[in-house]
Every structure is written in structure tokens, then in C-alpha cells.
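Using the numbering used here, the letters of the sequence shown map in sequence onto residues 7 to 286.
Hints are computed from structural coordinates only; laboratory data are not their basis. Yeah, the Cβ is synthetic: ideal placement off N, Cα and C, and Gly gets one too. Some clues are possibly wrong.
Okay, the calculated beta carbon distance ranges per label pair [unchecked claim]:
no., residue 1, residue 2, range
1, Pro141, Pro216, 32 to 40 Å
2, Arg89, Ala48, 22 to 30 Å
3, Pro216, Arg81, 38 to 46 Å
4, His86, Ser46, 15 to 23 Å
5, Arg89, Glu109, 29 to 37 Å
6, His54, Phe255, 29 to 37 Å
7, Lys269, Ser57, 43 to 51 Å
8, Lys269, Glu85, 21 to 29 Å
9, Leu136, Glu35, 43 to 51 Å
10, Gln275, Arg34, 23 to 31 Å
11, Arg89, Ser57, 18 to 26 Å
12, Pro220, Ala172, 40 to 48 Å
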Amino acid sequence: MQHLMGKTAVVTGAASGLGLAMAGAFCREGMRVVLADLPSPALTEAAHSLSDKGFAVLGVAVDVADAASVDALARRSIEHFGRVDVLCNNAGIAGDLPRESWEHDLANWRRVLDVNLMGVIHGIHSFIPLMLGQPDGHVINTASMGGLVALPYLAPYAASKAALIALSESLELELNALGANISVSVLCPGMVQTGLTRPGMDHSVCTAAPPSAPAQEFYQGTQKSAVQATVSADDVARKAIEGMRNGQFFILSHGGTLATAQKRWQRLQGNFTLQQEPQA
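Throw the hints in and build the complete structure from the sequences for me.
What follows is the structure, encoded as C-alpha cells:
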């Protein structure tokens, strides 16, 4: 999608962090933007801040884990702006503190999958039928480098993001088969200056049991990396728009992501012997 001026974008998880940065970047491109997030003063403030700058925005409270709530978001977006051209399924949570896969409470597993994976499924289910009849459209699903490269102690998060990449690949193939002029991108940021790694971000899924020593060491390392992160949410938002314009499926924010992901491919190659075709 080359031309953004006058088009409408819906961004979930838009009250802060990467979602807010993407909403602001779309506004500066001349787009109308629906900022969607859980009801909070931050969402109201974000919408007012952009509106006060003269941008056409709408703040809508939504719980992406609730299909009916996302349906209502789609209806509200169409009622207000008349159409949706760009859908950014960006809402996500890290979940509980890092710990071994079997130590994560099942409630944490369900909550992370409900938001990070089902939230995107709900977005696709509610918005794609509305976008199919339009001249063009684009879907950006925010995954993570953690969906490309295995992360220890964050299995619920990593599993949700890996599934999101597969979902995005399926969606792209299906839209292409229909001849729909809707492109798909999966955004895979690495460590970014956002609040996603803050402890206790989602108190509803945090458990009382302390993590093991290795998990605590991993967590301390991620916190240090977050503090030292040089890539900002605004940087990633700019890359997302650039990737969308270039028709990229994978949009990577960090140069080292590809090299790290290649280790998985090398591991796969090491367990596969190519069968030679018999000579005639």
C-alpha cells in the first residue's frame, strides 16, 4: 500500500508503547486513526493528545480477548470513518514473570494466548470481511523476534508469537487465493523501549511462587537489555510503514534478528538429507 493519505487505520494496543507510536506515525502520514485499547486514562489521553494536534482520531475501549468487543470496535470504526484500510493487530502482553514452561500457571497460559493469539484472530474475523470489498488494504500483525527464535522461560509469550506468524502466513495465502487486494505483514520487533517487559504488567496472571534462579537471571538480563535498548517504538513504527509500502511480509526492527533466526534453519538442515533424484 503506497498511498496512505486520507485512509483509515485501526490500531489495537494503542494507548502506549509501539501501538501509540504506530498511531502517531499513521496520523503524520495523513491517515485517520482509531486508537483501541483497554479502557484507561492512558487511552483517553493518547486520543486527546493526537486530536489536539489536529489529527482525525477516535479512541475506542476494547478487550481484544473478547470477540464481541472486537466486533463492536469494527462497527464503531465503520460508523465513524466509513471504512478501514489498515488493520494493526498490535495488542499484546508478556504475561507472568519468566519461569519454566511447566511452572507457568495455566491461567497465565490462557490469558497470554487469549490476548496475543485469539486477539488477532478476533481482529481478522471482525475486520477482514469489511475490508474485502475495498480497492486495497493491509494487515499488520505484531509478533516478535521471540516468535522466530525460541525464548527460555517465556514459553506462553513465545508460543503465542510463533503461532501468530503461522496465522499471518495462512492469511496471506488465503487472501492471495481470493485475488483480494489486501496485503499482510508480520512485524517482528526485538527489544524495544516500551513497557512490555515491566514486572507485574498483568497482575491478573502473576503467581506468588518465585521464579527459579536461572529464570531470575534471565529476567534480570531482559530488564537490563530493555534499559539499554537503542531502538525506540517510533523507530519500529517507521519501519512498519516502510515495510507496508514495500509490500514486505516480514518486517524486522533489529539487524541481528535474521542472523539469530538462521540458527533454527541450520538446525533443521542438520537433520535433513536431501534425496537425490535417480539418474535416467
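Hint check results:
{"no.": "1", "hint": "Pro141 with Pro216: 32 to 40 Å", "verdict": "violated (55 Å)"}
{"no.": "2", "hint": "Arg89 with Ala48: 22 to 30 Å", "verdict": "holds (27 Å)"}
{"no.": "3", "hint": "Pro216 with Arg81: 38 to 46 Å", "verdict": "holds (45 Å)"}
{"no.": "4", "hint": "His86 with Ser46: 15 to 23 Å", "verdict": "holds (20 Å)"}
{"no.": "5", "hint": "Arg89 with Glu109: 29 to 37 Å", "verdict": "violated (46 Å)"}
{"no.": "6", "hint": "His54 with Phe255: 29 to 37 Å", "verdict": "holds (35 Å)"}
{"no.": "7", "hint": "Lys269 with Ser57: 43 to 51 Å", "verdict": "holds (46 Å)"}
{"no.": "8", "hint": "Lys269 with Glu85: 21 to 29 Å", "verdict": "violated (48 Å)"}
{"no.": "9", "hint": "Leu136 with Glu35: 43 to 51 Å", "verdict": "violated (21 Å)"}
{"no.": "10", "hint": "Gln275 with Arg34: 23 to 31 Å", "verdict": "violated (43 Å)"}
{"no.": "11", "hint": "Arg89 with Ser57: 18 to 26 Å", "verdict": "holds (20 Å)"}
{"no.": "12", "hint": "Pro220 with Ala172: 40 to 48 Å", "verdict": "violated (29 Å)"}
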